[in-house]
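Engineer: Sequence:
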Amino acid sequence: MKPVWDVVSPARPTGLPGVVLAGFRDGGAASVGQRVIPHPSVMLALDFGPGSPVVTDAAGHELRGSVVAGPGLGFGGSVWVRGAGVECVQVRLSPLLAGAVLGVPAVELDGVVALEDVWGRETARIRERLAETSSWAERFALAETLLERRCAERVLVDPEVAWAWRRILVGGGRLRVETLADEVGWSRKRLWSRFRAQVGLPPKRAAQLVRFDRAVHRLVAGEVAARVAAEGGYADQSHLHRDVAAFAGTTPTAVAREPWLAVDDVAWPGEGGTGGQDAARTSTPVSPKVSLQVSAR
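Numbering (my numbering) for the sequence shown: 135 to 431.
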């Protein structure tokens with residue numbers, strides 16, 4: 135049986151912390167469709183092939199071509215992707231950069247939307263330029279230049295929100311919202327409001343998503359569910375089972391065989407269950423209180 139996707143990764147990481155790229159080409163079996171498994175990043179698909187990817191949500195609505203989706207796309211196993219003749223550059227984007235890159239607040243990314251609705255006519259120009267390239271290296275370079283330019287044009291998130299997000303990543307989604315609020319010196323209500331507006335999810339939901347993401351990647355790696363639950367911040371194995379069912383619409387045993395997860399180690403080496411480069415680069419985050427004091431001098 136042919137693989138669902140032919141996957142290419144860049145020879146080097148991007149120069150943008152929080153951004154990872156991969157190239158996808160239909161390997162001959164993608165037309166059957168595959169379930170989207172939620173991930174704690176913003177997903178951007180830049181389509182340029184002869185065929186178009188088709189994204190179908192729970193209501194049966196379809197989107198074709200280049201799309202963008204907020205963190206947690208596919209909750210409940212409700213989103214599927216299929217296509218023939220598909221070629222695209224996929225970007226996993228930290229939610230901390232999403233507002234700058236996309237030009238709209240992350241909270242406005244309700245599910246998956248056509249990229250043209252966000253970037254307008256620039257989407258067609260990007261498709262044309264990608265289609266004119268002759269190698270994946272050129273495509274990755276073009277995408278990176280585009281992202282760097284857009285990041286430079288806009289203000290990023292509050293340092294307190296960035297701190298809270300990175301603490302959630304480093305802690306594997308096991309920190310309480312009250313703890314995060316105390317650390318940044320905000321009320322729980324203020325943290326909830328600012329975090330949701332700038333990341334696209336409330337902090338508790340974001341923590342649950344990160345915890346789920348770590349867990350399913352351990353299941354794919356062959357670890358037993360009992361150990362994953364015990365070490366992943368779940369009360370017990372039943373708690374893990376409920377979380378996997380809620381996020382992925384299937385069981386821990388079945389989710390480990392999902393094609394969507396099977397390509398992660400190929401497409402995103404070292405990044406599959408980390409939530410993006412900002413997790414790997416912030417194992418010891420600097421307190422936002424310290425950062426604000428330093429920048430004020």
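Hints were generated in silico from the structure; no laboratory data involved.
Just so we're clear, the structure is a prediction, and the values are computed from it rather than from any experiment.
Hints are not guaranteed to be accurate.
[Said to hold, decoys possible] Ranges between beta-carbon positions, derived for each pair: (1) Gly-185 - Ala-360: 16 to 26 Å; (2) Thr-267 - Ser-372: 44 to 54 Å; (3) Ala-355 - Arg-255: 14 to 24 Å; (4) Val-238 - Gln-371: 38 to 48 Å; (5) Ala-248 - Thr-279: 18 to 28 Å; (6) Ala-379 - Glu-266: 38 to 48 Å.
Positions of the beta carbon are idealized from the N, C-alpha and C atoms, including for glycine.
Engineer: Does the Cβ distance between Gly-185 and Ala-360 fall inside 16 to 26 Å?
Structural biologist: violated (43 Å)
Engineer: For the hint 14 to 24 Å, verify it against the beta carbon of Ala-355 and that of Arg-255.
Structural biologist: violated (43 Å)
Engineer: That 18 to 28 Å hint for Ala-248 and Thr-279 (C-beta), does it hold up?
Structural biologist: holds (23 Å)
Engineer: Do the Cβ positions of Thr-267 and Ser-372 conform to the proposed distance bound of 44 to 54 Å?
Structural biologist: holds (50 Å)
Engineer: So does Val-238 sit 38 to 48 Å from Gln-371, Cβ to Cβ?
Structural biologist: Holds, since Val-238 and Gln-371 (Cβ atoms, about 40 Å apart) stay within the stated range.
Engineer: Mind checking the hinted window 38 to 48 Å against the Cβ distance between Ala-379 and Glu-266?
Structural biologist: This hint holds: roughly 45 Å between Cβ atoms.
Consistency note: the structure conflicts with the earlier hints numbered 1 and 3.
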